[in-house]
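2 protein chains.
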Amino acid sequence: MKPVRIGICGLGTVASGTVNILTRNCAEITGRAGCDVIIEHIGARRDNPLCDTTGYKVSRDIFAVVDDPNVDVVVELIGGYDVAKDLVLKAIANGKHVVTANKALIAVHGNEIFAAAKAQGVSVCYEAAVAGGIPIIKAVREGLAANRVEWLAGIINGTGNFILTEMRDKGRAFDDVLKEAQALGYAEADPTFDVEGIDAAHKLAILASIAFGIPLQFDKAYTEGIAEVSTVDVEFAEELGYRIKHLGIARRQGAGVELRVHPTLIPEKSLIANVHGVMNAVMVQGDAVGTTLYYGAGAGAEPTASAVVADLVDLARGLDGDAEHRVAALGFHADKLNDLPIVDAEQFESAYYLRMSAEDKPGVLSAVAQIISEEGISVEALIQREPLHGESCVPMIILTNRTQEARMTAALIKLKQLDSVSDEIVRIRVDALDA
Amino acid sequence: MKPVRIGICGLGTVASGTVNILTRNCAEITGRAGCDVIIEHIGARRDNPLCDTTGYKVSRDIFAVVDDPNVDVVVELIGGYDVAKDLVLKAIANGKHVVTANKALIAVHGNEIFAAAKAQGVSVCYEAAVAGGIPIIKAVREGLAANRVEWLAGIINGTGNFILTEMRDKGRAFDDVLKEAQALGYAEADPTFDVEGIDAAHKLAILASIAFGIPLQFDKAYTEGIAEVSTVDVEFAEELGYRIKHLGIARRQGAGVELRVHPTLIPEKSLIANVHGVMNAVMVQGDAVGTTLYYGAGAGAEPTASAVVADLVDLARGLDGDAEHRVAALGFHADKLNDLPIVDAEQFESAYYLRMSAEDKPGVLSAVAQIISEEGISVEALIQREPLHGESCVPMIILTNRTQEARMTAALIKLKQLDSVSDEIVRIRVDALDA
Numbered sequence: 021m022k023p024v025r026i027g028i029c030g031l032g033t034v035a036s037g038t039v040n041i042l043t044r045n046c047a048e049i050t051g052r053a054g055c056d057v058i059i060e061h062i063g064a065r066r067d068n069p070l071c072d073t074t075g076y077k078v079s080r081d082i083f084a085v086v087d088d089p090n091v092d093v094v095v096e097l098i099g100g101y102d103v104a105k106d107l108v109l110k111a112i113a114n115g116k117h118v119v120t121a122n123k124a125l126i127a128v129h130g131n132e133i134f135a136a137a138k139a140q141g142v143s144v145c146y147e148a149a150v151a152g153g154i155p156i157i158k159a160v161r162e163g164l165a166a167n168r169v170e171w172l173a174g175i176i177n178g179t180g181n182f183i184l185t186e187m188r189d190k191g192r193a194f195d196d197v198l199k200e201a202q203a204l205g206y207a208e209a210d211p212t213f214d215v216e217g218i219d220a221a222h223k224l225a226i227l228a229s230i231a232f233g234i235p236l237q238f239d240k241a242y243t244e245g246i247a248e249v250s251t252v253d254v255e256f257a258e259e260l261g262y263r264i265k266h267l268g269i270a271r272r273q274g275a276g277v278e279l280r281v282h283p284t285l286i287p288e289k290s291l292i293a294n295v296h297g298v299m300n301a302v303m304v305q306g307d308a309v310g311t312t313l314y315y316g317a318g319a320g321a322e323p324t325a326s327a328v329v330a331d332l333v334d335l336a337r338g339l340d341g342d343a344e345h346r347v348a349a350l351g352f353h354a355d356k357l358n359d360l361p362i363v364d365a366e367q368f369e370s371a372y373y374l375r376m377s378a379e380d381k382p383g384v385l386s387a388v389a390q391i392i393s394e395e396g397i398s399v400e401a402l403i404q405r406e407p408l409h410g411e412s413c414v415p416m417i418i419l420t421n422r423t424q425e426a427r428m429t430a431a432l433i434k435l436k437q438l439d440s441v442s443d444e445i446v447r448i449r450v451d452a453l454d455a
Numbered sequence: 021m022k023p024v025r026i027g028i029c030g031l032g033t034v035a036s037g038t039v040n041i042l043t044r045n046c047a048e049i050t051g052r053a054g055c056d057v058i059i060e061h062i063g064a065r066r067d068n069p070l071c072d073t074t075g076y077k078v079s080r081d082i083f084a085v086v087d088d089p090n091v092d093v094v095v096e097l098i099g100g101y102d103v104a105k106d107l108v109l110k111a112i113a114n115g116k117h118v119v120t121a122n123k124a125l126i127a128v129h130g131n132e133i134f135a136a137a138k139a140q141g142v143s144v145c146y147e148a149a150v151a152g153g154i155p156i157i158k159a160v161r162e163g164l165a166a167n168r169v170e171w172l173a174g175i176i177n178g179t180g181n182f183i184l185t186e187m188r189d190k191g192r193a194f195d196d197v198l199k200e201a202q203a204l205g206y207a208e209a210d211p212t213f214d215v216e217g218i219d220a221a222h223k224l225a226i227l228a229s230i231a232f233g234i235p236l237q238f239d240k241a242y243t244e245g246i247a248e249v250s251t252v253d254v255e256f257a258e259e260l261g262y263r264i265k266h267l268g269i270a271r272r273q274g275a276g277v278e279l280r281v282h283p284t285l286i287p288e289k290s291l292i293a294n295v296h297g298v299m300n301a302v303m304v305q306g307d308a309v310g311t312t313l314y315y316g317a318g319a320g321a322e323p324t325a326s327a328v329v330a331d332l333v334d335l336a337r338g339l340d341g342d343a344e345h346r347v348a349a350l351g352f353h354a355d356k357l358n359d360l361p362i363v364d365a366e367q368f369e370s371a372y373y374l375r376m377s378a379e380d381k382p383g384v385l386s387a388v389a390q391i392i393s394e395e396g397i398s399v400e401a402l403i404q405r406e407p408l409h410g411e412s413c414v415p416m417i418i419l420t421n422r423t424q425e426a427r428m429t430a431a432l433i434k435l436k437q438l439d440s441v442s443d444e445i446v447r448i449r450v451d452a453l454d455a
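Quick mapping for you: the protein sequence lines, in order, are chains A and B.
For the first sequence, the numbering used here gives the first residue as 21, with consecutive numbering after it.
For the second sequence, the numbering used here gives the first residue as 21, with consecutive numbering after it.
Since the hints were derived computationally from the structure, they do not count as laboratory data.
Don't take every hint at face value.
If chains are identical, the list can't say which one is meant, so a pair holds when it fits in one copy or spans any two.
Below are the BS3-like pairs computed for lysine-lysine, each with C-alpha atoms no more than 30 Å apart in a straight line [stated by the list, open to error]:
no.: 1; residue 1: 289; residue 2: 77
no.: 2; residue 1: 436; residue 2: 110
no.: 3; residue 1: 289; residue 2: 190
no.: 4; residue 1: 240; residue 2: 381
no.: 5; residue 1: 240; residue 2: 356
no.: 6; residue 1: 434; residue 2: 77
no.: 7; residue 1: 381; residue 2: 138
no.: 8; residue 1: 199; residue 2: 381
no.: 9; residue 1: 77; residue 2: 356
no.: 10; residue 1: 110; residue 2: 190
no.: 11; residue 1: 22; residue 2: 138
no.: 12; residue 1: 110; residue 2: 434
no.: 13; residue 1: 436; residue 2: 138
no.: 14; residue 1: 356; residue 2: 22
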């Protein structure tokens, strides 16, 4: 059978993993694909000592790959937005299939890219864009195709999970662990995307689209990072039977979809609470299948390249197939996407963990309780410490039942007005992930 | 686009779930498949109050479905070996695709069935045959297609896991929990397949084939059930930091594959040790992706039907595709299957948990230790209790390092010959599932 000839653009970490897997596991891949998957052309500004490109055609101009008539599939691994977008659109215009690991590109420009691909009758595959080697795109688009997805929640940024794991296991402070993560190569020199939750929001926007059949709407995701999570909160959460994880959550709510990335207290017995270090996991709740969970390495050269190569094998298995019948880019066919609106953050529903500093005197607790109760919020648990010698303020921790975010916002405004309570109140959402 | 017309054979639990999902989630399924998936014909000896078949063509002769020229895909949900095999082969001969949830059928007759399907250019899909709603067949055949799979290990029998979970959580005895499982409908009236590990071995044989690219070899699987697991061992395992789970394990070893189903001590911190009740989970270790884990409901009407319908959507997406290019039945194309032999049980490698009753007198421990050492086995941990008042024998628990099963067998023969040690020695394999 005719081989599938691929062109690789970029020769960074994931690309080196891709070259190495295609070389090492050649027999497995051919056995599964039914034909050879061969590297026809590599475009990279410089070599990478992590992989051997001897014998391959290498161009310094990545666009030479896209224009190579011998290339059937372009593998975009340069990252970033603008050049990557030009490259992918050029590849599509040239009638080539595309495989990419670029979550930012798909989350931000995916709708345009998929439309262009559909018009040309080619596929754009992006399994590697979410949760690295975990085949989560395939699981949701194909494996759970029978289901009306009710919600999904994922630890989809390994750097953030590494930091929170270290904070919990070793009582270390955020800044300290971040520096180590950077030294270990888990976090970028500029850690903004990881720490502020932007990377997780990119991935969540993609997951939500394929789960609910809605267009990509990264710009509407509510995003909080982990920089504000303190060791104190990690410890109080533990005392209450919870762990703090940085989750991306997408959930049907009424006639809309919640799209949110934020630190979340989850019950310590939950399987996903036991996902540690740089590992990723995604839970998906379908109306037929119930809860399923997918776990694995969310980053790294070969785990991510594992997903890139899986996409190549998929393409090899269906290259001659009828474009009309292929798995649609967003799981649902373009004319069947629906217009569920993304819910405004004030309409979110959640339970809450609150930590405030309160004066240790009679009446404070009842004043706090009254404000919370007036907003129709009920208290699930409360921790109040005896003051240490000489201290006039004590930490007060409140765990509420589920309520609407707008009510909590209103309660927080009133609580901050209390003279006996500090102006700063820590608020972290709580999710049992059980329904 | 032309609808896909299915014929359902059998109207038991999974079939009722399939009918209900196809009805309820019609819009989702059409949106994903790109065409309607409609029930054309149902063959069942009797109705099922769990689903409404009003308006559907129903025949009391299931073979009428297979011979119906309007049926594109036959969904075999009658279970069992013989009639199911005839039905599926007839469907294939009639040029119809087949979807089945029948693990026994695939494990035992799969090689013959897949060969017939290949000759006819039709597909036989069996996602529902392993781990219910978890898309594990898809994950291994497609999602991990880049990998040389090193091993996989799964909790793939919900009944067994329910029993072991109850034994651990509540200190209940095996027989007691089994009766409850039967009352709850988790276990069959004849629980042999669940309790003796045959059901798990069916599923393991399937998983091993698609992971390693070998023909189905259910008859070569080493199989131990859970009936011999006692509460005492569950408790000692706990004390040593382990949980006992009934695992199916397939692992490359030298130039062969270990294929084994047995109770296994696994470290309590391992994610899979925290899979409770009737839930299933499968860990897969690939050389590129590292460890991944897939978790969800392994049985039940709608979870299993979720997988049946996913197969239908897959077929709908590729019905007009070229048969040569489809995902091969066993992941690897038939001419690329390899002949890795299944390793004999005496060649297995494992660590071991041993529990024996030993006389409480000097020299016993050293005699035991000497025998173990003579076989080249080293001891990882040991628990010896003080005798209760009036008892002359005490339990002695030994955890060994990894060794070859043949050495352990030899050591056990010698240990049983010791006058100071009971003739019955409990031996449970230990697996850290970490490499």
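Query raised in the report: Which numbered hints are broken by the structure, listed smallest first?
Result: Failing hints, ascending: 1, 2, 4, 6, 7, 8, 10, 12, 13.
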